[in-house]
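Visitor: Just so you know, the protein sequences line up as chains A and B, in that order.
Start counting the first sequence at 1; every next residue gets the next number (the numbering used here).
Start counting the second sequence at 1; every next residue gets the next number (the numbering used here).
In case anyone wonders, no lab produced these hints; they're calculated from the structure.
Heads up, some of the hints might be wrong.
Any copy, or any two copies together, can satisfy a pair, since identical chains are not distinguished.
Claimed, not checked - Computed list of lysine to any residue pairs in SDA-like fashion (alpha-carbon distance at most 25 Å, straight line):
hint, residue 1, residue 2
1, Lys28, Ser3
2, Lys82, Val55
3, Lys82, Thr6
4, Lys18, Asn42
5, Lys121, Leu35
6, Lys113, Glu32
7, Lys47, Phe99
8, Lys121, Ser16
9, Lys47, Cys156
10, Lys121, His22
Number of protein chains: 2
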Amino acid sequence: MESEPTRIMIAVNESSIKGYPHPSISSKRAFEWTLQKIVRSNTSAFKLLFLHVHVPDEDGFDDMDSIYASPEDFKNLERRDKARGLQLLEHFVKSSHEFGVSCGAWIKKGDPKEVICHEVKRIQPDLLVVGCRGLGPFQRVFVGTVSEFCVKHAECPVITIKRRPDEIPQDPVDD
Amino acid sequence: MESEPTRIMIAVNESSIKGYPHPSISSKRAFEWTLQKIVRSNTSAFKLLFLHVHVPDEDGFDDMDSIYASPEDFKNLERRDKARGLQLLEHFVKSSHEFGVSCGAWIKKGDPKEVICHEVKRIQPDLLVVGCRGLGPFQRVFVGTVSEFCVKHAECPVITIKRRPDEIPQDPVDD
Numbered sequence: 001m002e003s004e005p006t007r008i009m010i011a012v013n014e015s016s017i018k019g020y021p022h023p024s025i026s027s028k029r030a031f032e033w034t035l036q037k038i039v040r041s042n043t044s045a046f047k048l049l050f051l052h053v054h055v056p057d058e059d060g061f062d063d064m065d066s067i068y069a070s071p072e073d074f075k076n077l078e079r080r081d082k083a084r085g086l087q088l089l090e091h092f093v094k095s096s097h098e099f100g101v102s103c104g105a106w107i108k109k110g111d112p113k114e115v116i117c118h119e120v121k122r123i124q125p126d127l128l129v130v131g132c133r134g135l136g137p138f139q140r141v142f143v144g145t146v147s148e149f150c151v152k153h154a155e156c157p158v159i160t161i162k163r164r165p166d167e168i169p170q171d172p173v174d175d
Numbered sequence: 001m002e003s004e005p006t007r008i009m010i011a012v013n014e015s016s017i018k019g020y021p022h023p024s025i026s027s028k029r030a031f032e033w034t035l036q037k038i039v040r041s042n043t044s045a046f047k048l049l050f051l052h053v054h055v056p057d058e059d060g061f062d063d064m065d066s067i068y069a070s071p072e073d074f075k076n077l078e079r080r081d082k083a084r085g086l087q088l089l090e091h092f093v094k095s096s097h098e099f100g101v102s103c104g105a106w107i108k109k110g111d112p113k114e115v116i117c118h119e120v121k122r123i124q125p126d127l128l129v130v131g132c133r134g135l136g137p138f139q140r141v142f143v144g145t146v147s148e149f150c151v152k153h154a155e156c157p158v159i160t161i162k163r164r165p166d167e168i169p170q171d172p173v174d175d
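In isolation and in its complexed conformation, chain A is listed as follows:
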């Protein structure tokens, strides 16, 4: 007697070392962990919902010369960022299908922690999965602003998945 599938929303972001379209170490880890430890062989009982929140650059000109930018340049930038976000999601969608679990994916723009909680309210998943940077080898301070905020504010159960110690880059910013 199986009811509706368990809908798991997974927040994914890009690597801060390699940039788009490469997923961050913690996003990959969160995704793979969910498949291995939760979904397992019961693929038809789960649906994965990938959310990527694109953070706009403050000035919108991170790697182009702002002085000569025209309105057309802005548009191209928007398009390029969207395309890169889609490529990022493609990785997870493809892997999900290979594993045999159904999924959906979408991009939103804004402050990740706010957008994730807003999307939880809108979509009402059964579970939200967020990767987080955990404790670096020389840190005693928790690095995980987004995950911490979601644990407190998201209106559904939240699972936080730290990286494995061997996955932690020397510089905690390099995720």
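Fit chain B to the known structure of chain A by using the hints.
Guide: Structure of chain B alone, referenced to chain A:
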């Protein structure tokens, strides 16, 4: 091709209204949610590990007259608390068996957040589930010291499960 079962540790405590052996609303909710949304029909793929941390009273005499207590009274108190903790766990063990999922259960004494993280280190579960009080109807402040500590410090993924709004008692202390 199934590997080892996913080992889910669930921290459970007693109701602060009804006391032992009644489980708290958030413990029951965490347990039932785990069965319904994670384990589902795939019962052989999971093993539940129930941990109850008994918090000793500061003076060891919460409901008896301390003046006339003998060393023998202390022993009886210890035994009685242990018996009540076991009865609490019995609820979860019985329900697990009815659901068809295998489980283990044990009691430790001490500060719940410290003991839970210590037991995670010792037992190495795949996932730790902690219920938490969430946001009360008139609160903006997160009530969940234990869960917050575990999210930060436990050496495994942690899922925090808030109560449903209709389960929140008027006084947030009554859990």
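Visitor: Please name the hints from earlier in the document that this structure breaks, with their numbers sorted from lowest to highest.
Guide: 3, 4, 8 and 10
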